[in-house]
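S.K.: Chains A and B, in that order, are what the protein sequence lines are. Numbered per my numbering, the first sequence spans residues 199 to 1122. Numbered per my numbering, the second sequence spans residues 3 to 126.
To be clear, the hints were calculated from the coordinates, so they are not data collected in a lab. Please read these numbers as outputs of a predicted model, since none were measured by experiment. Hints may contain errors.
Unchecked claim - Partial pick of chain A residues on the chain B-facing surface, computed with a CB cut under 10 angstroms:
(1) GLU345
(2) ARG870
(3) GLN886
(4) LEU902
What the hints assert, rightly or not - Ranges of calculated distance between the beta carbons of each label pair, as one might list FRET restraints:
(5) A:THR757 with B:LEU46: 53 to 61 angstroms
(6) B:ASP65 with A:ASP1068: 44 to 52 angstroms
(7) B:LEU46 with A:ASN1040: 33 to 41 angstroms
(8) B:LEU46 with A:LEU875: 35 to 43 angstroms
(9) A:SER1048 with B:ASP65: 43 to 51 angstroms
(10) A:LEU875 with B:ASP65: 37 to 45 angstroms
(11) A:THR757 with B:ASP65: 35 to 43 angstroms
(12) B:ASP65 with A:PRO823: 24 to 32 angstroms
Yeah, the Cβ is synthetic: ideal placement off N, Cα and C, and Gly gets one too.
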Amino acid sequence: MSASYRGFLTAMLVVGLVWAAGVVGLFRVADGWLYDQLVRLPMPGSVPDPQVLLVEVEPAPDAPRAGEWLKLLETLQMLGAAKIVFSFLPENAGVDFYRHASTRPAVLFGRSVETTDFSDAHGLEAWPQASRGLALPFGAVMVPPAEYGIHRRASVEVSTNSGTVPTLEAAVAGMDAVLAARQGEASFIVNFNQGRRWLPRVSARRLLDQGLVPRLVEGRTVLVGHKSAPDRPGLDTPLNAEGDPMTLLEFQGYAIDTLLGERYIRESSNVVNLLLLGLIGLASLFAYQWLGLAAGSWFTAVMVAAYVGTGWMVLHVSRVSVPVVEFITAQGVLFWLLVPSRLANDRQRIRQAVIAQAARLREHMLPPAFNDGGAPWPQLVALVDQTLELERFVFLELVPGDQCVRAVTASRCSLGDIEERERGHESDPYRRAIVAGMPVRLDERPYLKPCAECPEVQYLVPLMFEGKLQGFLVFGVDPTRVEASGHFLEHVSRVAVEIARLLFQRQRSAEEREKSGRTLPRLLGLEIRDSIHSEIERTLGTCGRQLHATRSALDSIATAAVCYDLFGRVTLLNKSLETFLRGAGIAAYDMNALEFLVSVSGIPVRKARRMLQQVVIDRSDFQVPVEKKTSEGERYAVSVRPIIVNEQEATESSSMPFQLAGIIFEFVDVTRLVQLLRPREQMLERLQWRLQNDLEALSAASYLLRQSAQTEQHAEERSEEGVKVAGSTAIFPRDTSRLQQDDLWLAGVIDEKVADIRAALAQLEPNLDEKASRQETAREAVDIQTLLAGVIGEMAPQAELRGVGIEVRQPAVVSLVDAHPRQLGRLLKALVISLLSDAADNSRVVIEVSERDDFVEYHFFNTGFGIPDDRLQAYLWNHDHPVTEEFRGLREAVRPVDGWGGEIALRSRVGVGTWGTLRLLAVR
Amino acid sequence: MVGGRPRVLFVDDDESLRQLYARVLEMAGYAVVVGDNGARARELFLTEEIDLIVLDLMMPVLDGLGFLRWLRQEEQSEVPVLMLSAVGQPGIRASLFEAGANEVLVKPVGVSELLAKIAVLCEA
Chain A
199 MSASYRGFLT AMLVVGLVWA AGVVGLFRVA DGWLYDQLVR LPMPGSVPDP QVLLVEVEPA
259 PDAPRAGEWL KLLETLQMLG AAKIVFSFLP ENAGVDFYRH ASTRPAVLFG RSVETTDFSD
319 AHGLEAWPQA SRGLALPFGA VMVPPAEYGI HRRASVEVST NSGTVPTLEA AVAGMDAVLA
379 ARQGEASFIV NFNQGRRWLP RVSARRLLDQ GLVPRLVEGR TVLVGHKSAP DRPGLDTPLN
439 AEGDPMTLLE FQGYAIDTLL GERYIRESSN VVNLLLLGLI GLASLFAYQW LGLAAGSWFT
499 AVMVAAYVGT GWMVLHVSRV SVPVVEFITA QGVLFWLLVP SRLANDRQRI RQAVIAQAAR
559 LREHMLPPAF NDGGAPWPQL VALVDQTLEL ERFVFLELVP GDQCVRAVTA SRCSLGDIEE
619 RERGHESDPY RRAIVAGMPV RLDERPYLKP CAECPEVQYL VPLMFEGKLQ GFLVFGVDPT
679 RVEASGHFLE HVSRVAVEIA RLLFQRQRSA EEREKSGRTL PRLLGLEIRD SIHSEIERTL
739 GTCGRQLHAT RSALDSIATA AVCYDLFGRV TLLNKSLETF LRGAGIAAYD MNALEFLVSV
799 SGIPVRKARR MLQQVVIDRS DFQVPVEKKT SEGERYAVSV RPIIVNEQEA TESSSMPFQL
859 AGIIFEFVDV TRLVQLLRPR EQMLERLQWR LQNDLEALSA ASYLLRQSAQ TEQHAEERSE
919 EGVKVAGSTA IFPRDTSRLQ QDDLWLAGVI DEKVADIRAA LAQLEPNLDE KASRQETARE
979 AVDIQTLLAG VIGEMAPQAE LRGVGIEVRQ PAVVSLVDAH PRQLGRLLKA LVISLLSDAA
1039 DNSRVVIEVS ERDDFVEYHF FNTGFGIPDD RLQAYLWNHD HPVTEEFRGL REAVRPVDGW
1099 GGEIALRSRV GVGTWGTLRL LAVR
Chain B
3 MVGGRPRVLF VDDDESLRQL YARVLEMAGY AVVVGDNGAR ARELFLTEEI DLIVLDLMMP
63 VLDGLGFLRW LRQEEQSEVP VLMLSAVGQP GIRASLFEAG ANEVLVKPVG VSELLAKIAV
123 LCEA
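Input sequences plus hints: build the corresponding full structure.
M.R.: Next up, the structure:
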């Protein structure tokens, strides 16, 4: 069977077999039983009007007497009965009764079919004497056919000695109705859907004595027959559960009503059944492909309930009997065959995938395996080469099954350099080395040929682990090195033990492999199928060891580090960082990368998000200072960078968006750097403070000088005019000499402050140069919005004093810009000060922000006094041009813009004001 | 008030600045008392009738912020205080306002601006 169509073919085979079994009648008992159950569940809603009235003839003495039969007949005719059917031939009826009946075409009689004792031929009951010579319509009366004791069908005809005779039911309903009901068979299914007691019934005695309501009889076929009696056993029908077995009369009533009301039950044809089973097969095939065992069981149960429900509904609504049992059987068999088969397939695939993946993982985790690969010696040579400083060395291994050793590999010499002839490891020098359990010096009998150009001493060390000898290492070493380090031989011993351990484990692994390769012992030990377990065990062990090694390596790194994946989860966190975060009260596991960055650096969320965006989208890295200090006062900077995976790894694992395995936050201890810079910063702060104080003093002195000069001028004017001012209200009522003293004092203050400033500048010069160069290289992504907001906040009181409003029009989100933060802050402040100084009182300074191409643009303008534009340009760009104090700061501040790859242009016009544009490279 | 003139307590550890501003304030019509640190200012405040205090931030013994907190919290005084600071970081400004400063100016202030602020605070 082709594997591709195995499921389909299985389903179709099941469908075919179930259908065939149904056709041959294997499900007849179960179908009949289920049919009976469905019949007994009535359909709620309107009940059809029965077409038959049963008139029960009681046994004597209540049976009609001879003369009453005619009265019965006439009464029924008078009440409007459509047909009057006697299911028997009344024995005691008179000639007038039969004669009257013969004149009425709607009166029929039932004649029992009698079987002779010696043949299968059927004879009909003989007519009574009173009816002789009359042509009376009749039908045969017989016990209806039964299926396993249950009577569900009524016959339409019966073979007698005198030919085929229609049954009473067929004779009453007429051949057209019979043809519709019988479906090519000699019987039809009687409709019991309305339940027991549905057909109205009256006793013949009551009819004769009290009469009947015409409505009960009018238009109905009246079936007159015997009531149940001990000598007339009833019939078992689908309605048995609702009462006693049915009388033949009642059964005939249901049968006639079925025909007359065209309420016959049809059975779905074999073709339709096959189609329905086919549909079930296909639906199950698809459903069980997707569902597991539990879901498949539920699906099966639901489908079974659906079949029963549908069967019931179809029976009552469309009066069609469908083979529900066949459907249920097909469903069950399909479930039983398809689900386990699919699960077995899944298990097989998982097994193969696990084994393949395990092998692949092990390949990734370990270099060509020491235990599994070929010769281990090249790896051991590399190990010794990296660990010990030897002149030359040779490895000797044991010859299996012999007491000998053989040289296998040599480093910085050849196997031909071996001079020792003794190979038996029970003899010296091997014996001596084994007993010593450490390197023994080979002075008397060198193992290797002497080397002229390299003075050395030779040693032999056994490779022993757990008392088992694995081989020997012979080496030559510079004697001075042995003497210089008191632990040299001890180190060699430890390396020898490690090598012996590796060789021991390798040997054991080889033995296990060999053992596991033997099928018979595995078969006997029920181990033949456990390869998947051992694969997983081996791989998990390898992964665990590798993970442990990785974690240990990460922990041993002094740098605190945490890795987040791009979904914001911590994937790795080393011990250093755990300690740091515990001290700082930060729970990294409860945060995503963004929250973590904000928490440790204290930068605004928006800025942090942009920085992470840089890392994820642009794959660039950045550093920010950590806000919190440790309890020991250590200062950290956090370096954030992406963990980039190669394209193949990213494709294999779709959970690595942007080809990134995550983001690593590395905490760099900058305490020492901060400590180094702190005195310098403090000195700069002190100098700044002194300069500010001095400038304040100069400003005050200048103010006083101007006041003094004005006072002097007033005095001179008054002197020239010869006006004598007595009790002057001047602020400084001083004489000339006093004025001179004041001036001299002020001049002294100014001189002193200028000297102070010079000294400060001289001190500052080297630092400024260094600082400037450092700052130039320290460009970063700057949040200009925050900077501008700070500057505006700072200048707000000044603007308020003059009634100048500062209006910033900017989009909700502005890109970070490429600049030096402090220099940019200075530039913004200088710009705002210039615009404010130039602005007219009660006017507005407007700053508009927009982004175009790769730039963030700041357009600003005021309504102010303005200055000639050529003078402004000279102030800004001509460094030889004398500049006022107001513009000096601005001239200095605009200088670095060019270096950031940005542009600045300022214009001014007298009477209009000042305007300009600052363009800075956006960082996206 | 001294003869209808508001009395200003000017506190700064720079002697030149103290003398200069004493002159400037006197010229502008104020009576001036000077102190060279926060502790001295505390003594002067308790012994003199002061209408306005101009206070430097960084001073020895007791700095401007310490004096300001003492004035507002212990003395519960509402005398206007104008702080002069040599450092202009927003954090420090906020701390000073929070401690009860009525105005904070960053040096070099300029005489005109200082006088304008003092005038506003005295009128208030």
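S.K.: Which numbered hints turn out to be false for this structure?
M.R.: 1, 2, 10
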